[in-house]
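Asks: For reference, the chains in residue letters:
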Amino acid sequence: MSEAQNLDNKNQLDTATEAGISRLTPEKIKKVVDCVIKRETGVRFETYMQTCIHCGLCSEACHFYLSHDNDPHYSPAGKIKQTIWELIKRKGNVDRDFIRRAVRIAHTECNLCKRCALYCPFGIDIAYMMLVMRRILHKLAVTPLYIQDTAHSHSVTMNQMWVKGDEWVDTVQWQEEEAQDEIYNLRIPLEKHGSEIMYSVIAPEPKFQAQLIYQAAIIMNTAGIDWTMPAGVGWDNSDMAMYTGDNEIMGRVKRAHFEAASRLKVKKIVMGECGHAYRSVADMGNRWLGWSMPPVPVVHAIEFYYDLLKSGKIKIAKKYEKPVTLHDPCNVVRGAGLHEKARYVANQLCDKVVEMIPNREHNYCCGAGGGVINCGPAFKLSRTEGNSVKAEQLFNAKSRGAMTLIAPCHNCHSGLHDIVHHYEVGLELKFFSDIIYECMEKPEDK
Amino acid sequence: MNVIYQFVAGPLAWAAFILFLSGIFLRMIQLFVKVNQPEKFLLHYFSLRYGLRSIIRWLTPFATTNWRKHPVFTVVTFIFHGCLLITPVFLSGHVVLIDEAWSLSWWTLPDGLADLMTLIVIGSCVFFGIRRIVRPEVRFVTDASDFILLVIVAAPFITGFLAYNQWFGATWMTIAHMLSGQILLAAIPFTRLNHIILFFFSRAYMGSEFGKVRHARDW
Amino acid sequence: MKKSIILIVMLLSVAALLAGAALCQDDLEYLDNEAFEDPRRPAVPFSHDTHNQTAELDDCAQCHHVYDEDGQKIEDESSEDQACADCHGLDDDEQKPGLMKAYHLNCKTCHISSRKGPVACGQCHPK
Amino acid sequence: MTDKSAWDWDKGDKTIDTTGWSAQYKWVEELHAAPDGQTLAAVVNVDQGEFTVCVNATSWEKTFDKIWHLRFLNDGRLTALVSAMGQWTVAVDGSCWDNTFGFVWNPLFSNNGKHIAVAVQRDMRYCMALNDESWKTDFANMTYFALSPDGSKTAACVQVKDADSGQIQKFQKGTFTAAIDGKPWEQTFVNVWHLAISPDNRHLAAEVRLNLYDYTIAVDAKPWEQIYQSVWEPVFHPADGSVTAPVKSDGKWHMARDGKIIWNRGFVQLWRQRFSPDGSKLAAIVAPKFGRWTVAVDQELWAVSAKQMVTDLAFSPDSSKIAALFKSGGYWKIAVDGDLWSRKFDRVFTPVFSSDGRSLAAKVETKGKYTLVVNGKLWQQSCDMIWDPVFSPDGDKILIRFMKDGIYHRRIELTSNISG
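Quick mapping for you: the protein sequence lines, in order, are chains A, B, C and D.
Position 187 of the first sequence, counting from 1, maps to 187 under the numbering used here, and the rest follow consecutively.
Position 184 of the second sequence, counting from 1, maps to 630 under the numbering used here, and the rest follow consecutively.
Position 83 of the third sequence, counting from 1, maps to 748 under the numbering used here, and the rest follow consecutively.
Position 113 of the fourth sequence, counting from 1, maps to 905 under the numbering used here, and the rest follow consecutively.
Among the hints, erroneous ones may be present.
30 Å max Cα-Cα, derived DSS-like pairs, lysine-lysine [claimed, not checked]:
no.	chain 1	residue 1	chain 2	residue 2
1	A	Lys30	D	Lys965
2	D	Lys1125	A	Lys28
3	B	Lys480	D	Lys1159
4	D	Lys906	A	Lys31
5	D	Lys806	B	Lys486
6	B	Lys486	A	Lys268
7	B	Lys486	D	Lys1136
8	A	Lys310	B	Lys480
9	A	Lys268	D	Lys1169
10	B	Lys486	A	Lys398
11	D	Lys1044	A	Lys38
12	D	Lys1052	B	Lys486
13	D	Lys1136	A	Lys267
14	A	Lys89	B	Lys480
15	D	Lys906	D	Lys928
16	B	Lys658	D	Lys1136
17	A	Lys310	D	Lys1159
18	D	Lys965	A	Lys38
19	A	Lys268	D	Lys1159
20	D	Lys1014	B	Lys658
To be clear, the hints were calculated from the coordinates, so they are not data collected in a lab.
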């Protein structure tokens, strides 16, 4: 991944995607469009196409629209007009330039955050329409380089970051050893059949943020949880194939995750603070596999911490003093309704919680999710500039005292990190687990 | 002229009604036949409770964030749709005709009120038309069909208003009114005007997904 | 696209019909509408003799009909000595249409079948 | 399987008191009971960074920096993955393999317990090792491992062409293949998953992805002629050498054998197919409708279904019966030959058939307490922990291994005493 060109030029994508585009022929494009629309879409797609009355009311839902001075090219319906509508109207007879623009729009100018679903009077799922576009782009082999590579990683290793089988176990054991300095008999039980809980994470944790596994282990051990982590495939709950439209790989990765839980005979899966992974296991991946709901209950970290605090399994020694503001991640708030539980957790942990405005289901997207950040550094600037409204929202929370920004989602974390730096917002970013780890009563304290 | 009247009031009216009803019927059949392919989960997540929750919420003025964000538009939209649906159904002239044909009758609007409501529909169409031109985010997603649809909707109300008030000749205007009304009826199942039906389905599905699966509000 | 062309053509024809509209009015005599408590439409201009001449009507019973108890029209009898409202109440009853409906059906049915005379609302109820 | 007739099948109860173990060591990890129930073992911590294995209150002589994946083999031997001086290897009953490696993981055991294979990393290169002997060749990456049923052959998906992360064009040309005993296939694929070695050890089958979209099954490097939207793991027929796999086409899953669709209907989902030991029947877990799961035997659906999931599909050793676990509404039930046992549990573990197929038993959990269910009847003991039941060769007796109040019990019961 040597390439780090900055693609401010709207007419150019990364070289690998450009290479993909240069291989396209009109016949190929038409064939793929026809195939996807005819065979893979149904009543939902048709209804959305026929129902949209072009009222433009979705516009203000979108942070890209708001951040670009209300440029209609960035409104949700505006983006659909430039992609799906045009594609259907022209029956797939579009050229390479159209596809190039569609790649940029579908992959880097929509976070699939579904905020617009709250603004459309008809309840049209624009994120779904965008996923149909991405599915077409996947079938045309013009998915942006970085996220395509991530999908390749999923296909080979069943994890997001080419983490090999030995590296995973080695990292977990290394964190277990590190954490034993703090709690001498701490364990991260691997492949423990019949545990209550399987804890799954996303691959960036073992790859770059091993301290999160460390913190999780401290929390699990302190709370006396009967838990395990798989030593084989299925330990990673993330799924960028879901965002590239490679549904077959998405399903395969999700199957590996659920089969790990099934093999270990756990009662439920607890997952770390990641949003898209929740969407992939509890919304999209399970459906592709025919499971209407996750076959093994999936508990997101927010809900897990809520249960631990509510039941007193975790006690707070001293509350976090700096005022915090809480970012509601799309995939677990609009996607799972965990906003009130997140507030309970935040209030239990912190002295003061400053609400962002808007908040809960109406919170602005971080700008990173939906696979956008995974399209790579080439699109970083357009991503941060496409979310100035988030910076304003953060500045506003800061003006009311917030010093720490809690983002209980990996993508949000990275996206907000970029925004905080780009706009020099000056907020310190934390996961819930960072604060729990910092403030909880640990065994030594007892 | 009686021949034309007779043709428009007779066979054409039947044709329009048949197109309207069978169009909607076929759409529904198509909807229910295709609902399980290829997305087999659609019906699975359907929830009457959450579907209705969403429909009622969105059919209540100012009950959603977006309705509150656009007060003028919200007022116009609700009054427009209300007048659009109520006026023709409770117009005395229409009820008299139905009574003569099938001996069915019901309460009717005072003519003055009906006139006012007709003007509101026409005015709303003008408002929507202007909004399509003036607001950039709406203009961007607008195409010719949107204006044609507005004209199709407004035409029976304009001609009806003129026929009732007998400007420019009541006879021909009455025929024009019937014709434009028939065009509107027949157009509903085959144009994006079918949002009046599909609204309930797309809304109910989104409501079900948000209520039953996502445990979040969709407004 | 084809759909919208058809729609435009239809709309244009509506406009043409409007342009061709014209109205002629005769000298003014009115049908008695006193029986209606609060008439919503203006009384109908009607010149009895002119109408009958133009329409070449000889049989009074064509309009001033009489029905027997079984609902059969009695061919040889007529009812020009009675007001319509004597038989027809304001509302329908089991055998007879209400007064307004009686007028409408009586006039319009004939106008339509003979392909002459006013049929649209405003033709009889001018403002 | 191992010969169980030599085990002590006399009715009665033997105990091992583990309450003293925790005083003996800094901590004691998960307890493992031997298949014959005579020994109880656990990884234990002796001192900081010093581990050993405690077997019936006696420690292994050696200590290690780290021990994990402690398991009893079917022949009663005790194995674990151990590390000393930064090198990893396999320990069996306290003695290590001669070879040491950078890392070992994913141990595979043959049914008779005689053979142990592990995935090996040495100097950041990968291969398999079987019974202390590693492949002659190693690879840049290795995923998905297989051991033949008799334990004589190992296979893995290996990367044979270099492609760094980010080299998507190179990757899409195919860098992976399958290797058996270290010998890779000539042909490469974009992806290779889930290997199966034929019962006669002569053939290797795998799921392959030919490009980003086309999936099929490859047998001995030769892909089936048919291309599918997706495929799941292939299995070999016990006798005739044919390969059967679920394949997806036209949006539905179908059962295919050697490239031909054999069941006359498609499913929303279809996987975990398996042949009866005698090869006469083919069963699979299926979802005939979205959100409905059941079992299909030779394409006939069971009348019962589950809303959440179906797992642990298994034939009895004599091929006469089929069992599976059904989960609905958060509860588990056992289904045998299309009938659901009425009792529901918070958890049911893998059911065990007697060799004649007459009896079926499983470990079950209700409200954190464990017991056994045998032929639909509950064993009237509630335990803190229980292991999977073991039937005597004639099926008349049942070996129950359980923990209660820190005491381990090895009990032999008459099957009829429980199942009535």
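Asks: Out of the numbered hints, which ones does the structure contradict?
Replies: Violated: hints 2, 3, 4, 5, 8, 10 and 20.
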